[in-house]
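Fit the two chains together into the complex; they arrive one by one in their own frames, and the hints show the way.
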Amino acid sequence: MLADAHRREWGFVLAATVRVTGDLDLAEECAQDAFARALVRWPVDGVPRSPGAWLTTVARNRAVDLLRREAGLRSRLPLLVQDEPAADPEHHEIQDDRLRLVFTCCHPALAVEAQVALTLRLLCGTSTAEVARAFLVSEPTMAARITRAKRKIAHARIPYRVPAGPELPERVDAVLAVVHLLFTTGHTAPSGEALVRDELLDRATQLARMLHALLPTPEVSGLLALVLLHDARRATRTDEHGRLLLLSEQDRSRWDRAVVDEALALVRRALVAGPPGRYALQAAIAAVHTDAASWEQTDWGEIAALYGLLEQRWPSPVVALNRAVAVGLSTGPQAGLDLLDRLGGEPALATYPYLPAARADLLRRLGRDAEARTAYEDAILLTENDAERAFLTARVRALPG
Amino acid sequence: MSQYLVLIYGEEKAYAEGGQDLMDEVMRGHDAFGTTYADKVLGGNALQGADTATSVRRDAGGGFTVTDGPFLETKEAVGGYYLVEAADLDDAIGMAKAIPSPGGGLEVRPVMVFA
Chain Y
3 MLADAHRREW
13 GFVLAATVRV
23 TGDLDLAEEC
33 AQDAFARALV
43 RWPVDGVPRS
53 PGAWLTTVAR
63 NRAVDLLRRE
73 AGLRSRLPLL
83 VQDEPAADPE
93 HHEIQDDRLR
103 LVFTCCHPAL
113 AVEAQVALTL
123 RLLCGTSTAE
133 VARAFLVSEP
143 TMAARITRAK
153 RKIAHARIPY
163 RVPAGPELPE
173 RVDAVLAVVH
183 LLFTTGHTAP
193 SGEALVRDEL
203 LDRATQLARM
213 LHALLPTPEV
223 SGLLALVLLH
233 DARRATRTDE
243 HGRLLLLSEQ
253 DRSRWDRAVV
263 DEALALVRRA
273 LVAGPPGRYA
283 LQAAIAAVHT
293 DAASWEQTDW
303 GEIAALYGLL
313 EQRWPSPVVA
323 LNRAVAVGLS
333 TGPQAGLDLL
343 DRLGGEPALA
353 TYPYLPAARA
363 DLLRRLGRDA
373 EARTAYEDAI
383 LLTENDAERA
393 FLTARVRALP
403 G
Chain P
254 MSQYLVLIYG
264 EEKAYAEGGQ
274 DLMDEVMRGH
284 DAFGTTYADK
294 VLGGNALQGA
304 DTATSVRRDA
314 GGGFTVTDGP
324 FLETKEAVGG
334 YYLVEAADLD
344 DAIGMAKAIP
354 SPGGGLEVRP
364 VMVFA
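Here the protein sequences come in this chain order: Y and P.
Going by my numbering, the first residue of the first sequence is number 3, and it counts up by one from there.
Going by my numbering, the first residue of the second sequence is number 254, and it counts up by one from there.
Pulled out of the complex, with its shape left as it was, chain P reads as follows (with noise of 0.2 Å):
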């Protein structure tokens, strides 16, 4: 077994636009796909939108520069991720497409191992 981060990038628009439906039906896949791996998930957590996020990054002299926004400027932002277990990439792309990501998709990331 192997651990994956899964990160749920999206079109904050979508949702805005969707509406509470939306937002409901996106909760019900949520519980569907938490239900169906309950021993597979090891975490996850939806996250707030990208307008609230902040930059850190390290200035040329050596002190930090903080700053408002995602580090990346993209259509589609991270909205949430899992961290599950899975036997392979296969089984891991597999648990993926069962998770919620309208006007968006998932990126399925193996977490490193240190011997």
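Bound conformation, chain Y alone (with noise of 0.2 Å):
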């Protein structure tokens, strides 16, 4: 019960105590004096009916009273920079400051992996420790990031603030762009054992979902959309041994159905309200995906054309692979390799191994067997994810000769 309540409740309850603290270190230790708090009430008084405003009178009138006794002793970083000094804490009416909070957390004047660090910690309330096996880093390092990126936001003086105005668009792309990352390092773990690691992937969800109750744009849908299509397939990635299953052979009949209408519902909403984003046009890509009621069904032409689409806005060496791919699929395996040839000496692939896994498929596909085994065996070298790694491997052993 306390841990669920942490998960759903954390951002929004250090967000709101932020306002009374003015300090982001400060407001997190009277957070997690209000959860303490919670495990030991709870059990006796009972779940209270708001866990969310229940927890944040406790660690507002937490800090109030710190605030009171140490006022002048402890030596903090300058206060936070808000529009309206925040009202008598023990009589202010609880918002919603999670807005403020990413925002502030996904500030362009931060590095982005500080950025990404920061909304782990503060938003869904991570620990050091995990975010740091998240990214691949030592916790020192991870901790220290994270001090690193607080002192620059007081010192500095970044705003506890909604953007408004012009600002708002750039900045929003800023908050999706940290979310995005999020849930493409969840999806595809850039090494180890599990495909898919769940948390990063719940809390992308998480944060995606409060992203759009609190800022429902169309891109915002986009990027909702995206998240969701990919989770509902997220149970059929792997077989029960952690191999990779291709779209190609997962069971669709076990894709989260409800999931997937939802996330549909919102595709088209992100789709009619104007030129589409770029994570509109990705979700329509994992739209169209889901539409198909097996992998031979699906409809490579349309696919093509949304990379398509968006290669054109952005391009990317990532996305002109994809396209590729997808044309192999619609047009023919000649056509397809004709365009990944293009992509050959792009520098930002050389260590890619899904362009050698691509070659190697359309090579297979044209029965140039020899061609097609060294391909793969150059993406076995690259990737560094073991159930990708077995995938190929069958592959290989699976070519004639």
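Source of the hints: derived by calculation from the structure; they are not laboratory data.
Any given hint could be a false lead.
Unchecked claim - Label pairs and their calculated CB-CB ranges:
no., chain 1, residue 1, chain 2, residue 2, range
1, P, Gly315, Y, Ala38, 52 to 60 Å
2, Y, Arg153, P, Gly315, 26 to 34 Å
3, P, Ala313, Y, Ala146, 24 to 32 Å
As the list claims (entries may be wrong) - Counterexamples of contact, computed for chain P against chain Y with all Cβ distances above 12 Å:
no., residue
4, Lys293
5, Asn298
6, Gly302
7, Thr307
8, Pro323
9, Gly333
10, Tyr334
11, Asp344
Ideal placement from N, C-alpha and C gives every residue a C-beta, glycine not left out.
Spelled out as structure tokens, the structure:
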């Protein structure tokens, strides 16, 4: 129960407490105290009707207490810049301040890796040790990164505020980029044993839902749809031994239909609202996959066209690679290979295992088995994911000769 | 309100190649900036070129070494600065965007406050 409350309420409690303390560290300390107090009180008194409000009140009272007792004693960072100073905290209505918090954490004046770390830590309550594990750095390194970011917020006076006017779309993009990065990191763990880091995916989904509830713009709908569409397929991405299953091998009857339907409605909303953004387009691609009764019946022409749109406005080697794969499936393997060959010298893809893996598949379908074997072997050398390595190795074994 | 130093970085070559036209355009930009933010600009200056810079470093023996050239050799050199007053970093960044910096950019640094 408390773990559940922690997952759902941490960001809310912390964001509301920051409004009183004007100090991220102190707010974290008080929010932690509130959860510790709940651990003692709730089994005795029962779970309060509104756990978030209960926890926030306790955290804020603790903050007021500490601020009174230690006035002048603590050497603290400069206070966060806020629009209106928090009113008397004991009688102050508890607002949902999570949007302020997320815009502060994802401020472009902070390094992207610091934005991601702060968002996980402050909005999701993820421990520094867990954040460090997710991004493959040591705990002291991650702790130093978080401390440095908090110092910059205080000293450079990054405001605790939802940006307004022309600034807003740009800043929303920065927030979405952080959530998307969490999602992609969780979706395919860059290395290690488990293909999916469920924890990160859950956090990304939760953040996307929160953003959408508080700021339902088309591009936020697009990102939430994208995250949900992949989430709906999560259980079918690996078999019981953790082996990666291709989209063509997944059991489509096990996709979570309720989640898919929710996501499809969001995609439609994002697409009719005007020229689609990058996440809406990616969600549309995922939606075409989800719509198909089988891999064979997938509308690859539509997918190639959507990747084409994506490539026009947001060109990237990875998008070009995906378009080549879709063209290979709609027009034919030679057409796909022609597009892929143009990417051969792309430095950004030099260590990207999916390039040789895609090449290998096209070569195999063209019957050029020897070249396919070499390309599979290149991909095996590059992948750091055990499940993917096992998949590629099986493909090499299946080649004739 | 806080103070920020906005350092203007640019490629001196771009100014040399741009000639009088570019210079006039940049000066008009600075005039406009100064008018728009008259009560928030505390000071500022353009600097002579980096080829006029002199670096003074402490040496191992406790003395000084004086050398020709800027402290850091970079393609873009500091060509000027403003000291501005802003409510927060977003406000300061908003002001910085209004400062001309053809072929270069701006660095916004909060001024340290000693309590």
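A quick look at each hint next to the structure:
About 55 Å separates the C-beta atoms of P:Gly315 and Y:Ala38, a value consistent with the hinted range of 52 to 60 Å. Distance hint for Y:Arg153 and P:Gly315: a CB-CB separation of about 33 Å, consistent with the stated range 26 to 34 Å. The hinted range of 24 to 32 Å is satisfied by P:Ala313 and Y:Ala146, whose Cβ atoms lie roughly 30 Å apart. Every CB of chain Y lies more than 12 Å from the CB of P:Lys293, the least distance being 15 Å, so the non-interface label holds.
Every CB of chain Y lies more than 12 Å from the CB of P:Asn298, the least distance being 23 Å, so the non-interface label holds. Here P:Gly302 stays apart from chain Y, with its beta-carbon at least about 30 Å from theirs, past the 12 Å limit. Taking the minimum C-beta to C-beta distance to chain Y, about 30 Å, the non-interface status of P:Thr307 holds against the 12 Å cut. With a minimum CB-CB distance of about 25 Å to chain Y, P:Pro323 clears the 12 Å threshold, and the non-interface call stands.
Every CB of chain Y lies more than 12 Å from the CB of P:Gly333, the least distance being 21 Å, so the non-interface label holds. With a cut of 12 Å on Cβ distances, P:Tyr334 stays outside the contact zone with chain Y, its closest approach being about 17 Å. A beta-carbon of chain Y comes within 12 Å of the beta-carbon of P:Asp344; the shortest separation is about 8 Å.
Hint violations for this structure: number 11 only, all remaining hints satisfied.
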